[in-house]
Amino acid sequence: MTTQTRTAAQALVAQLQANGVRHVFTVPGESFLPVLDALYDADIAVTVCRQEGGAAMMAEAHGKATGRPGICFVTRGPGATNASAGIHVAQQDSSPMILFVGQVERGYRDRDAWQEVDYRAAFGPLAKWAAEIDQGERVPEYVSRAFHSATSGRPGPVVLALPKDMLREPCPGPLAPAWQPVEAAPGAEEIERLAALLAEAERPFLLVGGSRWTEAGCADLRAFAERFRLPVATSYRRLPLFDPLHPSYAGDLGLAANPKLVARAREADLLIVLGGRLGEVPSQGYAVVDLPRPQGRLVHVHPGAEEIGRVYVPHLSINASPVRTAAALARLESPARIPWADRTEAAHAEYLAWSEVPTPQPGRVNLGAVMVHLREALPEDAILCNGAGNYAAWIHRYYRFRQLGTHVAPTSGSMGYGVPAAIAMQTLHPDRTVIALSGDGDFLMNGQEFATAVQYGLPVICIVCDNGSYGTIRMHQERDFPGRVCATDLKNPDFAAYARAFGGFGVTVEATEDFPAALEAARASGQPAIVHLKIATDAISPGMSLAAIREKALRGG
Numbered sequence: 079m080t081t082q083t084r085t086a087a088q089a090l091v092a093q094l095q096a097n098g099v100r101h102v103f104t105v106p107g108e109s110f111l112p113v114l115d116a117l118y119d120a121d122i123a124v125t126v127c128r129q130e131g132g133a134a135m136m137a138e139a140h141g142k143a144t145g146r147p148g149i150c151f152v153t154r155g156p157g158a159t160n161a162s163a164g165i166h167v168a169q170q171d172s173s174p175m176i177l178f179v180g181q182v183e184r185g186y187r188d189r190d191a192w193q194e195v196d197y198r199a200a201f202g203p204l205a206k207w208a209a210e211i212d213q214g215e216r217v218p219e220y221v222s223r224a225f226h227s228a229t230s231g232r233p234g235p236v237v238l239a240l241p242k243d244m245l246r247e248p249c250p251g252p253l254a255p256a257w258q259p260v261e262a263a264p265g266a267e268e269i270e271r272l273a274a275l276l277a278e279a280e281r282p283f284l285l286v287g288g289s290r291w292t293e294a295g296c297a298d299l300r301a302f303a304e305r306f307r308l309p310v311a312t313s314y315r316r317l318p319l320f321d322p323l324h325p326s327y328a329g330d331l332g333l334a335a336n337p338k339l340v341a342r343a344r345e346a347d348l349l350i351v352l353g354g355r356l357g358e359v360p361s362q363g364y365a366v367v368d369l370p371r372p373q374g375r376l377v378h379v380h381p382g383a384e385e386i387g388r389v390y391v392p393h394l395s396i397n398a399s400p401v402r403t404a405a406a407l408a409r410l411e412s413p414a415r416i417p418w419a420d421r422t423e424a425a426h427a428e429y430l431a432w433s434e435v436p437t438p439q440p441g442r443v444n445l446g447a448v449m450v451h452l453r454e455a456l457p458e459d460a461i462l463c464n465g466a467g468n469y470a471a472w473i474h475r476y477y478r479f480r481q482l483g484t485h486v487a488p489t490s491g492s493m494g495y496g497v498p499a500a501i502a503m504q505t506l507h508p509d510r511t512v513i514a515l516s517g518d519g520d521f522l523m524n525g526q527e528f529a530t531a532v533q534y535g536l537p538v539i540c541i542v543c544d545n546g547s548y549g550t551i552r553m554h555q556e557r558d559f560p561g562r563v564c565a566t567d568l569k570n571p572d573f574a575a576y577a578r579a580f581g582g583f584g585v586t587v588e589a590t591e592d593f594p595a596a597l598e599a600a601r602a603s604g605q606p607a608i609v610h611l612k613i614a615t616d617a618i619s620p621g622m623s624l625a626a627i628r629e630k631a632l633r634g635g
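For what it's worth, the working numbering labels the leading residue of the sequence shown as 79, then goes sequentially.
The set of hints was computed from the structure by calculation and includes no laboratory data.
Predicted model, so just to flag it, every value in this text is computed and none were measured.
Yeah, the Cβ is synthetic: ideal placement off N, Cα and C, and Gly gets one too.
You may find that some hints are simply not true.
Claimed, not checked - The list that follows gives simulated cross-link-like pairs (lysine-lysine, DSS-like), each with its CA atoms no further than 30 angstroms apart:
no.: 1; residue 1: Lys338; residue 2: Lys242
no.: 2; residue 1: Lys338; residue 2: Lys630
no.: 3; residue 1: Lys612; residue 2: Lys569
no.: 4; residue 1: Lys630; residue 2: Lys612
Unchecked claim - Simulated DEER-style distance windows between Cβ atoms:
no.: 5; residue 1: Thr292; residue 2: Gln95; range: 40 to 48 angstroms
no.: 6; residue 1: Ala262; residue 2: Thr83; range: 40 to 48 angstroms
no.: 7; residue 1: Arg601; residue 2: Glu358; range: 35 to 43 angstroms
no.: 8; residue 1: Arg601; residue 2: Tyr364; range: 26 to 34 angstroms
no.: 9; residue 1: Asp368; residue 2: Gly581; range: 38 to 46 angstroms
My request is simple: use the sequences and hints to build the entire structure.
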């Protein structure tokens, strides 16, 4: 193939290779067959999935873990709308990804042709950029812009529609240069102002979150926190950003956060938010600081200028990447006085007490004890993936993530995420232990992707927490309408048999003491595996049973 004979589809795949893409996720469609044909000759691994939502979540997880755009190809109409779940995760989680969507022929547009969708209108509110490539010769330009847009400022998803006939057009021009990350650094004056605010503070508090972090950035963050003896909390599902056993770590400001930690965040006279948006969950329903101008001083550091001042008006705004900011902070001299050192020590002690010993639970399987066993039995580089559900509260409270990138979960609270994310992580890291934790309803939203794991020989271990209920909704139902259970009960399959039916390993656990042997058997099988945990419906949270929640609501509490 020469540049004179190269088609738009071939140019697209060549442009992906030029940008370092080595893996794509897809559900095939006839609308982009020329791309599939071009991938046949490319040094790019293709994972074929069972549903577009799973494929898009795999791409999002890939982007979240690597900082490089995850790539997904889906067909038009229902393929694209199925994939929208993954686009929403990428948008809320600030993850770089690019979704390529097959489109109707250009001559058929605006006739409501078969499976036709206006993708600019459909994905405009969800994506950082949504466009349609109308001319084959412009493929390198559009793909290059997609990589830059997906990764710049606050990362996010890009959607590019590919008209079927456009893909066969010639694209003789040169490829665009490879995308290069842009890391904005804070100004010296901004760092000096932040240091001055610290010198005046009595109760400072550092909250870290967001994406675009690196190992070096996290090391600089630890050095800064250690020198200043600052209390540090991680934002919702950003736990691996800070070592939980570091003496500065105070816990995570997520769902079901330690009340003592929430109180410390509220009492802070200087709140430094580094990398995250301070959204609804880490702000505890926008209650940690006052709107729109906090009573205490707020420093907000974020790579996306549009996020600063979007909700809160900061005392000091710094538009910079977290890694560059952490590097600048690590170079600061420690202050002569650190009046908050005892508070930091106390905050870490509170975290250890909160997370060390599992609380008693109804039923024979204690999910807290399961998490404690996982943190003791798994290697530090093991990767845990999960979706949404009350079961995740035990992960956040009891598991300790010691390395960056070892927790891959949606800050958007999207169900059905754990299994696709685990497959993506096992593809990236074939020699590491990868665990997918799911609720029963959560698992069945994308559980068919277990077949993908079997097809590619990916030994992910899926732990399914089966309480026969959409537990989170049931919990809220009992709080608001106690005793009036509607639409939250589930009748589930035998998940261990489900695993065996697909060609994997399956085992059922009905008592806590049986879990260690079941986990070891799953690991030893070398196959994709499902460990089916039978959990009592009443065991709804680490702190309170469903029955206790109902009784409290009936008393008017």
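Here is how each hint holds up against the structure:
About 57 angstroms separates the Cα atoms of Lys338 and Lys242, which puts this hinted pair outside 30 angstroms; it is violated. Between Lys338 and Lys630 the alpha-carbon distance is near 22 angstroms, which keeps this suggested pair within the 30 angstroms criterion. Among the hinted pairs, Lys612 with Lys569 is consistent with the structure: their alpha-carbon atoms are about 13 angstroms apart, no more than 30 angstroms. For the given pair, Lys630 sits about 26 angstroms from Lys612 by alpha-carbon distance, which is consistent with the 30 angstroms threshold.
Taking the beta carbon of each, Thr292 and Gln95 are about 24 angstroms apart, not inside 40 to 48 angstroms as hinted. At about 41 angstroms, the beta-carbon gap between Ala262 and Thr83 stays in the expected band of 40 to 48 angstroms. Between Arg601 and Glu358 the beta carbon distance is about 37 angstroms. The supplied range of 35 to 43 angstroms therefore holds. At about 43 angstroms, the beta-carbon gap between Arg601 and Tyr364 misses the expected band of 26 to 34 angstroms.
The hinted range of 38 to 46 angstroms is not satisfied by Asp368 and Gly581, whose Cβ atoms lie roughly 56 angstroms apart.
Checked against the numbered hints given earlier, this structure breaks hints 1, 5, 8 and 9; the rest are met.
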